[in-house]
Amino acid sequence: MADLIQLILSGVALGMIYALLAFGYSITFSTSRTINFAQGEFLMLGALTGLTVDARLHLGYVMAVAAAAGVGALLGVVLERVAIRPALRTGSTVAWVLATVALGIVARNAAERIWGTDDSSFPAPLGSEPMHLGPVRVLPQEVLIIGVAALIMIVVEVFRRRSIWGKAVTAVAADNEAAALAGINVPVTITASFVISSAIAAVSGVLVAPLTLAGPTMGTLLGTKAYAVAIVGGLQSGIGVIVGGLLIGLCEQFTARYISTGYKDTPGFILLILILLIKPAGIFGKRSIKKV
Amino acid sequence: MARPRIVLPLLAVACCFVPLLTGNEYYVHSVLSKVCVYTIVIAGLDLVVGYSGDVSVGHAGLFAAGAYTTAILMWKLHLPFPLAALAGIAIGALFGLLLGVPALRLSGPYLAVATIAFGLIVQTFVNEAVSLTNGSQGIRDIPPLRYGPIDFEGNHFYYLVYPLMVLSLLAVHRLAVSYWGRAFAALKENAVAAECSGISRYRYKLGAFILSAAFAGLGGALFVHIDKYIGPPTFSEQLSILFLIALIFGGVRSIAGNIIGTFLVIVLPDVFNAVADYQLMIFGGLLLFTLYFVPQGIAGVLQAATRWMLRGRAGLRGLSLPHREPMPAGDARLAGPGDGAPAAAGGNGVDAIATRTLAGLDPAGRGAGLLTTHDLTIAFGGLVAVNKLNLEIRAGQVHALIGPNGSGKSTTVNLLSGIYRPTGGSIRFAGRDLERASPHLISRLGVARTFQNVALFGEMTVLENVLVGLHHTFKGGLLPVLLGTRRARREEREARRRAQALLAFVGLGALGAERARSLPYGKQRLLEIARALAQDPAVILLDEPAAGLTSGEIAAVDALIDTLRARGIGILLIEHHMDLVMAVSDEVTVLDFGQRIARGKPEEVQRDERVISAYLGTTVHQGAAAADA
Chain F
1 MADLIQLILS GVALGMIYAL LAFGYSITFS TSRTINFAQG EFLMLGALTG
51 LTVDARLHLG YVMAVAAAAG VGALLGVVLE RVAIRPALRT GSTVAWVLAT
101 VALGIVARNA AERIWGTDDS SFPAPLGSEP MHLGPVRVLP QEVLIIGVAA
151 LIMIVVEVFR RRSIWGKAVT AVAADNEAAA LAGINVPVTI TASFVISSAI
201 AAVSGVLVAP LTLAGPTMGT LLGTKAYAVA IVGGLQSGIG VIVGGLLIGL
251 CEQFTARYIS TGYKDTPGFI LLILILLIKP AGIFGKRSIK KV
Chain D
1 MARPRIVLPL LAVACCFVPL LTGNEYYVHS VLSKVCVYTI VIAGLDLVVG
51 YSGDVSVGHA GLFAAGAYTT AILMWKLHLP FPLAALAGIA IGALFGLLLG
101 VPALRLSGPY LAVATIAFGL IVQTFVNEAV SLTNGSQGIR DIPPLRYGPI
151 DFEGNHFYYL VYPLMVLSLL AVHRLAVSYW GRAFAALKEN AVAAECSGIS
201 RYRYKLGAFI LSAAFAGLGG ALFVHIDKYI GPPTFSEQLS ILFLIALIFG
251 GVRSIAGNII GTFLVIVLPD VFNAVADYQL MIFGGLLLFT LYFVPQGIAG
301 VLQAATRWML RGRAGLRGLS LPHREPMPAG DARLAGPGDG APAAAGGNGV
351 DAIATRTLAG LDPAGRGAGL LTTHDLTIAF GGLVAVNKLN LEIRAGQVHA
401 LIGPNGSGKS TTVNLLSGIY RPTGGSIRFA GRDLERASPH LISRLGVART
451 FQNVALFGEM TVLENVLVGL HHTFKGGLLP VLLGTRRARR EEREARRRAQ
501 ALLAFVGLGA LGAERARSLP YGKQRLLEIA RALAQDPAVI LLDEPAAGLT
551 SGEIAAVDAL IDTLRARGIG ILLIEHHMDL VMAVSDEVTV LDFGQRIARG
601 KPEEVQRDER VISAYLGTTV HQGAAAADA
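Protein sequences, first through last, are from chains F and D. Mapping to our numbering: the first sequence position 40 is 40, numbers consecutive. Mapping to our numbering: the second sequence position 213 is 213, numbers consecutive.
Careful, some of the hints might be misleading.
[What the hints assert, rightly or not] From the structure, some residues in chain F lie toward chain D, with a derived Cβ separation under 10 Å: (1) Phe29; (2) Arg33; (3) Trp96.
[What the hints assert, rightly or not] Every beta carbon over 12 Å from chain F, so not counted as near; a handful from chain D, in silico: (4) Lys76; (5) Gly148; (6) Phe263.
In case anyone wonders, no lab produced these hints; they're calculated from the structure. All C-beta atoms in this analysis are idealised placements derived from N, C-alpha and C, irrespective of residue type, glycine included.
In isolation and in its complexed conformation, chain D is listed as follows:
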């Protein structure tokens, strides 16, 4: 559908001339300009609330930071507006960093309260730091925006704020559809899986808050010129709540929603002016109604309505529109070639797996130790879950880790991938110590993993899940994304091509557009492997890849592991299907109660007395019922 690509820019340009239609100061300045200023803030807030899934009841504090910085610089130092506004944005962003720090460790009620406290502290400061902010008097004498022939006063203010709003919305949109947006969404859905896919929580959580705050700062800088007055009461907790209401009314993650929601919260109080005494009640009621019946906001309703209308019309004409809805799982299309039989053996898509050359390692050196642990230990309180474990995962070999439930296998994977910190021992990978490394760094270095309890990003498409794994291939920073440079677009195209190839490799080539959660269980496991492979791993940790799979699917995993081994990837395999373990492993380590009880070739381990007793139970372990994994 190419139509919106022309319609939207045309509409955006056309709206620029709205003030020519009416000279009414109220409509243009008090409504339209204000809508533009607030929309900038709301679009920024959407980054935190809609895209990152955090809550902020402190955006009024950020707004205040931008407004006061700009006002003070213009009023006291007589700086020109552009400089003062830039300073406002910068200070806003700095405050956003402060607000974002709690978000790294907190969620839900904790974060909500922390952001409320932040807003109150800013407001108190503004009220009390009289020498700087003029205290409760507020700042009144703000110089006009008149520079020679250019005049942004009164209704002309719109010509300044409208383009800035369009640019802000465009920036947020570009961010949202880029790898940044995917990183936000991944962290929102499953932070652990996102980090293990190479996404830095620090960078993207803080990034969302800082960017969001920069928009709030810009909004604040412009707000100063709406009334030519700012005072502390404006920047209360109520304003933060109003921002949230606008966002929810309009609908999150939607440009149209941002604009509509803002428009409503600005216009509604005037509409209900006749019943001013009951205004708040109506507002609260409307908000509850929205949360209850239209959680997607007005934009969501409009979207659904347009889709319905388009579909209706298409039906009449007998046309079939391109399906944008995910197809239900189990569709006939799924049973195409590659179903249940990954293309691994055929070599289709196998080139999508990059083999990494590691410093100090011979890439062709099959059997060279890649990931080694020495006396690896972790204790949770008194329970020693893994005790002095020595493991060696070699390039191009499969090392199986088996043991009864609760023997510490998954804990070992969590240690190796940085989710747990060991309480003793060391982990060496490619000449580096990994004991204190964060999960995303470990992924970046070349250790990827899958999860025993499938940890996909269910709301994303299958293709997007793999794209999250390809996060490391995006080398361009923030600026190219915001500017939409050729390089940014090429990286995205390139990544999509590789993601598609990886999907083909694991046999999911036809399912890229499905929603991940709608995949059947076995395919979800394959998708996890594709996402892990996207990280160009030198070592891959497979935590029960065959659990819950049909025998046909297990054979597919078997073939897949063989191909990976042939590519020189080192594999740690945790598995309960002994046929699979015995068929593919080069070496087997057996754990029981966190201790290694045997190690060797599959056939040696099978004969080991202690292994048999651990699995089948003899008098030695009688009564020691194994806990769950």
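Isolated chain F, as found in the complex:
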């Protein structure tokens, strides 16, 4: 039983990281109908920046999170300017897919040059000794991930719903031409969505790194899983990505434990394909009627 609870907790912690990344996808998708295929690399850059600030410069974990957020925000601006805006002008899907992929490649190569190709361990801020809750042993970092991830999503969601800026985002998502006519600066709104999304990705890197390792390849698979999460939950739904993240995080832990670690990465993708066949808008997505 204790074993099972531990397994669930690890699944939830992993799921929250997926959910954070996917939450980022949903933010940029709503404004620009694109997703950033370099998101995983941004997570990696966030983690490595955090590592430098925390372990090298000894400025502490909080500063590491702040630095990662800053770098992420900057990356968001660059990505939107270099990869998204020109591609949106051409209106071709392949263009933005490849442009964001290209930036991801550049980012990974740059990370290899700056930090080297080896993985390094990231000191856990709350220590790596498991806490004992009765018979259950819990890693403090897992608790931290769950807490911070939930906090970030709540803050962004409240901001989106309550503030005038958030309303602008919603308006651009609904109809960017009408939003532009209503005086909303659409390009700035899109840039802002990439800034927020990339900053979240970078912070998730600092969150997850103490559990995994920090290195140039750490983001690729996490980013890819997060696409699956975003689509399973519904790209347009905040609750959806959380449910999707938890679902896939748990599925993976259970597959790894009870089937085979080799197949650990598949349930997410199989779930993805099933959802696409049954309900392409995702579990929480709404279908829209297309006018002719």
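Dock chain D against chain F, hints included.
Showing chain D alone in chain F's frame:
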């Protein structure tokens, strides 16, 4: 210009002998043979990305399917290569079907992610199904391609892969210029209009993926013999991305582009070997540069450069080369005979409209009910857009459907053409129920339509737009197209002749080579009618054919409708120009808030109290502001 027709085949044959120039194993085997193998995959990928406009980041999975099938069959069952390769192609195609299914319902980010997932699933399977694929060890002991005196090992491998590449490129090219290519392009530009023109989305979307996958499978089958080794790391998402990069570098929808792009992605890593540490950065940078500054790829640049050079030279010699660029609209040529006055009255081109004999119907039976609805209803959530509508469209008669904006007229057309599924009631056409029929089937059965918001294929020429409507006249399947048989060529010639006649009929005879989007608005509406007529309709649904037209153009539409009626075609006319409606209609149905409020002869309807109140508003409907159409 007949020159390329000789030059290209000569060049293709000449390239066959390249290995005789050098015995260098690296140049011939590691570069040229590899380029040939990858080009086959890229040409196939072009079908999906360039021609169909979908995105696939999963082609490495298809490539793996072909490679592993071939390798396993040769290694475990000792099958000869041709059989194993055929199996590889078949399995590849099967996987392509799996990959294509999501493409039917998804686009943009969704499809991109679905294809990534597909690739990862294949790679995981290859890694884990150890008993079949040898897992992470990979397959090493692949028998050599030596059959008696025929030897395809080492540099001789080129003599196998080069002809196959040429054939693959030829096949893709033939497909692209045939009605298949037009179907891909039409679905890419406007799927709804394509389906309403009789093109099956299922058939051509899946077809593009399956064909594309067959090429990827062939590429995989050949790839096995480049290194005589295959292992899971090769078939990663990175490879799928590399394929896309090659395609974009070179330029989509171009044979030269496919070859150049592939060549570059294979050779560039070696060129940049000195700066191997920064290789990926350079690659990413180059890709961004291409996307940014040369979206047409290198082939596009070369094409533009050749055109520029040819034009420059021609200018010097004082020659005028045949113009291949679309002429700007409003050219003096446009104002020739037929402008604004379709040839309808004169009967020019009228024979291009085939009249269909419908089973169980007397073709000459004017007034016989063709398309009837009974209690047709559709509700979007709580809003009942069309409520228990009974309509009857008869052969050789014009039935007008009028009503204020938002009264459900266009929704009715969308119901009749299969875009919406009714939530109640029935639609009968020629003895069949159409409520659940797909748009392309409805078009095939003989119900064509035009769109209120013009839905042409803007990037295609005017003639090609009509050819899309003639899609149903191509009876030969895939094989004749690939083989370029006489029958396939005759069908194409025949269709072009008819398309030209149809254009003449609507008064656009001189504009066949223009790009559709460059036509003025009124002519675009006429082109839509020509495309609908190309479908040999028994019933045609005209959704506001005169909207936005000048009075001269309206008169032309009026004449056109008269001619169609005389040909025995049943017409449903939605229109706000009451002069036109009252002049041409045999019967008028008036809708308001989805309900029929009047029906009868034009003059009866005009006097009807409820119609007048619906249009002009009285206390009954006060405050019920009509929404947009």
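Going through the hints against the structure:
| no. | hint | result |
| --- | --- | --- |
| 1 | Phe29 | 6 Å, holds |
| 2 | Arg33 | 6 Å, holds |
| 3 | Trp96 | 9 Å, holds |
| 4 | Lys76 | 22 Å, holds |
| 5 | Gly148 | 43 Å, holds |
| 6 | Phe263 | 19 Å, holds |
The earlier numbered hints are all upheld by this structure, with none contradicted.
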